[in-house]
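Chemist: Each chain, written out:
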Amino acid sequence: MLKIGSLEKKYPNGCHALKGVSFDVEKGEFLVIIGLSGSGKSTLLRCINRIHDPTSGVVEFNGKNITSIKGKELREARSKIGMIFQHFNLIPRRSVLVNVLTGKMAKLGLIKSILGLYSEEDKKEALEKIKIVGLEGKENVRADNLSGGQQQRVSIARALMQNPEVLLADEPVASLDPATSHSVMQYLEKINKEYGVTVICNLHFLSLVRQYATRVIALKNGEIVFQGGPKEINDTWFKEIYGEEAVEVTIN
Amino acid sequence: MNKTKKIDLVKAYLSDAFFWSYSLIVCHKVIYDKLILGTRYPVFSWTTTIITTFIGILIATILFNIKNFSVGKKIKNISEIENNNFPFYKFFSYFLFIITFVAGLKISQVSMDDLFSSSGASGAGKLFGAMLNPNFSIFEPALFATIETIFMAFIATVFAIPIAFLLSFFAARNLMSHNIFAKSAYVTTRFVLNITRSIEPLVWATILSVWVGIGPFAGMLALCLHSVASLAKLYSEQIEGINDGPIEAMTATGAHQIQIIWFGVVPQIVLPFLSFTIYRWDINVRMATVIGLVGGGGIGTLLMQYQGLAKWNEVGLIVLIIAIVVMIMDFASAKIREAIK
Ligand SMILES: Nc1ncnc2c1ncn2[C@@H]1O[C@H](COP(=O)(O)OP(=O)(O)OP(=O)(O)O)[C@@H](O)[C@H]1O
Ligand SMILES: [Mg+2]
Chain A
1 MLKIGSLEKK YPNGCHALKG VSFDVEKGEF LVIIGLSGSG KSTLLRCINR IHDPTSGVVE
61 FNGKNITSIK GKELREARSK IGMIFQHFNL IPRRSVLVNV LTGKMAKLGL IKSILGLYSE
121 EDKKEALEKI KIVGLEGKEN VRADNLSGGQ QQRVSIARAL MQNPEVLLAD EPVASLDPAT
181 SHSVMQYLEK INKEYGVTVI CNLHFLSLVR QYATRVIALK NGEIVFQGGP KEINDTWFKE
241 IYGEEAVEVT IN
Chain B
253 MNKTKKIDLV KAYLSDAFFW SYSLIVCHKV IYDKLILGTR YPVFSWTTTI ITTFIGILIA
313 TILFNIKNFS VGKKIKNISE IENNNFPFYK FFSYFLFIIT FVAGLKISQV SMDDLFSSSG
373 ASGAGKLFGA MLNPNFSIFE PALFATIETI FMAFIATVFA IPIAFLLSFF AARNLMSHNI
433 FAKSAYVTTR FVLNITRSIE PLVWATILSV WVGIGPFAGM LALCLHSVAS LAKLYSEQIE
493 GINDGPIEAM TATGAHQIQI IWFGVVPQIV LPFLSFTIYR WDINVRMATV IGLVGGGGIG
553 TLLMQYQGLA KWNEVGLIVL IIAIVVMIMD FASAKIREAI K
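For the record, the sequence lines run as chains A and B. The opening position of the first sequence corresponds to residue 1 in this note's numbering, with each subsequent residue numbered one higher. The opening position of the second sequence corresponds to residue 253 in this note's numbering, with each subsequent residue numbered one higher.
This is chain A alone, in the form it adopts within the complex:
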C-alpha cells in the first residue's frame, strides 16, 4: 500500500539525512525502523506524510504518487496517515476530548472547527476512540494533566479519529518507563491486529522490536543496511547496525 522509491532528503543546512531509501509496505504490517540516533528514522517518517519534503524520490500511497501534491489533495492524503510522536504533541490546555476531535480536522469545516461546533456523531466517535485506548472517564480532563503513558494513548486516539490506513509512530515509547512502554506498544498492536491499521514505528529497544514487529528495516547514515524479520537480527547484524562497540540493553 506504501511504496518508497530512492528517497533522498537533504536539509537546507546541507545535512544529507536520507540517501536513496527504497522499500514497500504491505497492508497490515507492523514495520519497525531501527538505527542509531541521527540515522534518519524520524526524517523518513516525516517524508512519508510530507511534514518534510523529500529532495528527490517517490512516495506512493495506495498507488498514488503523493510526493509533490499540494493543498487540499495533500491534506486529504495526510488525513489517511495518522502519526504519533515521542513527546505526544498534544494540545496543551485543551481537554482529552478536544484533543481527540482534532484528529477529524481535515473533515470538518474551517469555521465549525474553530468555533468548536462538533457534531454529536463526531463526539460519539471520539468517545469510542477514547474507550479503545482505555481512557473512558478522562475525556474532560486537561490533556497536559495526564501522565506520559496516558498522553500517548490520547495521541493514539487522536490518530484513530482520522480512521487512518497507516499509522506512523516516531519513537512512541522513548520517553516512557518500561511498564508503560509495553502498555502503549500493546495498544499499537491491538490497533494493528484488530483494526487492520498498518503501523510503521521507529524504536530503540530491540526487545520491543522482537516482540511487536512483523518486519524490520535498519537505517545507518541514511541508508538501509538491513531488511528482514525481527528474529534475523543476530549479533553480527546488531554490530553492523549499531557499530562494533554497541552492547544490547533490554527493556522488560
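Hints may be right or wrong, so weigh each one.
[To be verified] SDA-like, lysine to any residue: derived pairs with alpha carbons at most 25 Å apart:
#, chain 1, residue 1, chain 2, residue 2
1, B, K435, A, R50
2, A, K239, A, T214
3, A, K123, B, A355
4, B, K281, B, M364
5, B, K258, A, C15
6, A, K123, B, K326
7, A, K80, B, Q509
8, B, K255, A, C15
9, B, K326, B, L276
10, A, K220, A, G38
11, A, K193, A, Q227
12, A, K70, B, S436
13, B, K255, B, I309
14, A, K10, B, K435
15, A, K10, B, A434
16, A, K220, A, H16
17, A, K72, B, K435
18, A, K10, B, N426
19, B, K435, A, H52
[To be verified] Only some residues are given here: those of chain B computed to face chain A with a beta carbon under 8 Å:
#, residue
20, G497
21, M502
22, T503
[Stated by the list, open to error] Restraint ranges, calculated between C-beta atoms of paired labels, are given here:
#, chain 1, residue 1, chain 2, residue 2, range
23, A, N221, B, L523, 39 to 45 Å
24, B, I259, A, G38, 24 to 30 Å
25, B, L348, A, L115, 58 to 64 Å
26, A, G63, B, G493, 38 to 44 Å
27, B, K435, A, E245, 42 to 48 Å
28, B, R425, A, G38, 21 to 27 Å
29, B, A591, A, K112, 29 to 35 Å
30, A, E245, B, S331, 30 to 36 Å
31, A, R142, B, S436, 37 to 43 Å
32, A, N221, B, S331, 40 to 46 Å
No lab work stands behind these hints: they were computed from the structure. A quick note: this is a predicted structure, and the numbers were derived from the prediction, not measured. Glycine is no exception: its CB is placed at the ideal position from the N, C-alpha and C atoms.
Model the placement of chain B with the ligands on the given structure of chain A, informed by the hints.
Modeler: Same frame as chain A, but now just chain B with the ligands:
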C-alpha cells in the same frame, strides 16, 4: 576558512574602524574643541569629520593584525593566542568608555553651578513647598481628567489587541518560513513594526494631531499605533518560542493552515498574550499622561495648564493623583498577571 568565519572577521574589522574613527572624532570635537579651546558651539565641518574618519580607518587597518590590539576581534570571539603582557584591546575599551563619559557630561551640560546656585535652590524650595500643600479645590476636574486618561489608554489598548494579534503571526519567523511569499511578508511586517515602534508615542501624537486635530483622539491614536507595534513584537516573540510539537501533530492530521494555527499555536500563547496586554495597558496609562502634556487631553493637559500658570498647589494635587493612579495600576496589573500565570 569557512564563510561565517570570514564574515566575522569582516565585522570585527568594521567594528575596529568604527571604534577608532569614533574615538578620534570625539577627541577632536569634544575634548579638543570644547574643553581645550572652550568653544561653546563648535562648527560642524564635513572635511574635518571625513579626514578624522579616514585616519581612524587607517589606524584600525594598521593595528588589526597585531595580536590583542583589536576590540572587534574580541567582540566577535575570534581567538588569538593570549599575550598577557600587553592586552591593548582592554585599555582601548576603557579609553572608549571614558571619552564617551566625558563627552556625555559636556554635551548634556551637566553643571554643578546650576544645581546648587542659591537662587535656584530657593525657587525649588518654594515649588516643593507648594506642591506638598496640594489644592484640593480642583479635585473634581482633576479626577475627571484622570478618568479620561485611563479610558484613553484602555481604548488604545483594546483597539491595538486584534491588530497586533493578526500581525504577530506574520511577524513570527517559525510560521513564515515555508515559502518565499511568507518570508517576504515576515520581513516587511517586521520592518514596518520596528519603524513604528522606534518612534515614540509622544512624536506620533504630535504628527497625528496635525491630522485629526489636537486632543484625546490624537493621543489615543498615537498610543494605539505604538501599542500595536510593541504588542505585535512581544506576541510574535512568544509565537517563535512555542513548542513545535502540536503544530507538527496538527499538520499530520491533514488540518488546514488556519486550523493548525488555531489549535497548534493559539492555546500555547493566550496566557502570555493576556499578560503582555495587561502590562501594556498599564504602560499606556503612564504614556497617556505624558502625551497629555503636549495637548493629548486628560490629566497631562491639565497639569500643563496649571504649570503654565505657575499654580504649584494645583500642580501638587495633580502629581499626587498621577502617582496614586500609577501605583494602583501597577499593583493591579501585577496581581492580574500573577493570577493568570
Ligand atoms: N530540521 C532539520 N534540519 C536540519 N537537519 C536535520 C533536521 N532534522 C534532522 N536533521 C539531521 O538529519 C539527520 C537525521 O536525523 P533524524 O532526526 O532523522 O534521525 P533519527 O534517526 O530520528 O535520530 P533519533 O534516534 O535521535 O531521533 C541528523 O544528522 C540530524 O542532525
Ligand atoms: Mg528521531
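Chemist: Does each hint fit the structure? Answer for all of them.
Modeler: Going down the list of hints, with the structure as the test:
no.: 1; hint: B:K435 x A:R50; in the structure: holds, 20 Å
no.: 2; hint: A:K239 x A:T214; in the structure: holds, 21 Å
no.: 3; hint: A:K123 x B:A355; in the structure: violated, 71 Å
no.: 4; hint: B:K281 x B:M364; in the structure: holds, 23 Å
no.: 5; hint: B:K258 x A:C15; in the structure: holds, 22 Å
no.: 6; hint: A:K123 x B:K326; in the structure: violated, 62 Å
no.: 7; hint: A:K80 x B:Q509; in the structure: holds, 17 Å
no.: 8; hint: B:K255 x A:C15; in the structure: holds, 17 Å
no.: 9; hint: B:K326 x B:L276; in the structure: holds, 21 Å
no.: 10; hint: A:K220 x A:G38; in the structure: holds, 8 Å
no.: 11; hint: A:K193 x A:Q227; in the structure: holds, 22 Å
no.: 12; hint: A:K70 x B:S436; in the structure: holds, 21 Å
no.: 13; hint: B:K255 x B:I309; in the structure: holds, 24 Å
no.: 14; hint: A:K10 x B:K435; in the structure: holds, 21 Å
no.: 15; hint: A:K10 x B:A434; in the structure: holds, 22 Å
no.: 16; hint: A:K220 x A:H16; in the structure: holds, 12 Å
no.: 17; hint: A:K72 x B:K435; in the structure: holds, 22 Å
no.: 18; hint: A:K10 x B:N426; in the structure: holds, 20 Å
no.: 19; hint: B:K435 x A:H52; in the structure: holds, 18 Å
no.: 20; hint: G497; in the structure: holds, 3 Å
no.: 21; hint: M502; in the structure: holds, 7 Å
no.: 22; hint: T503; in the structure: holds, 6 Å
no.: 23; hint: A:N221 x B:L523: 39 to 45 Å; in the structure: holds, 43 Å
no.: 24; hint: B:I259 x A:G38: 24 to 30 Å; in the structure: holds, 28 Å
no.: 25; hint: B:L348 x A:L115: 58 to 64 Å; in the structure: holds, 59 Å
no.: 26; hint: A:G63 x B:G493: 38 to 44 Å; in the structure: holds, 42 Å
no.: 27; hint: B:K435 x A:E245: 42 to 48 Å; in the structure: holds, 44 Å
no.: 28; hint: B:R425 x A:G38: 21 to 27 Å; in the structure: holds, 25 Å
no.: 29; hint: B:A591 x A:K112: 29 to 35 Å; in the structure: holds, 33 Å
no.: 30; hint: A:E245 x B:S331: 30 to 36 Å; in the structure: holds, 33 Å
no.: 31; hint: A:R142 x B:S436: 37 to 43 Å; in the structure: holds, 39 Å
no.: 32; hint: A:N221 x B:S331: 40 to 46 Å; in the structure: violated, 32 Å
The structure shown violates the earlier hints numbered 3, 6 and 32.
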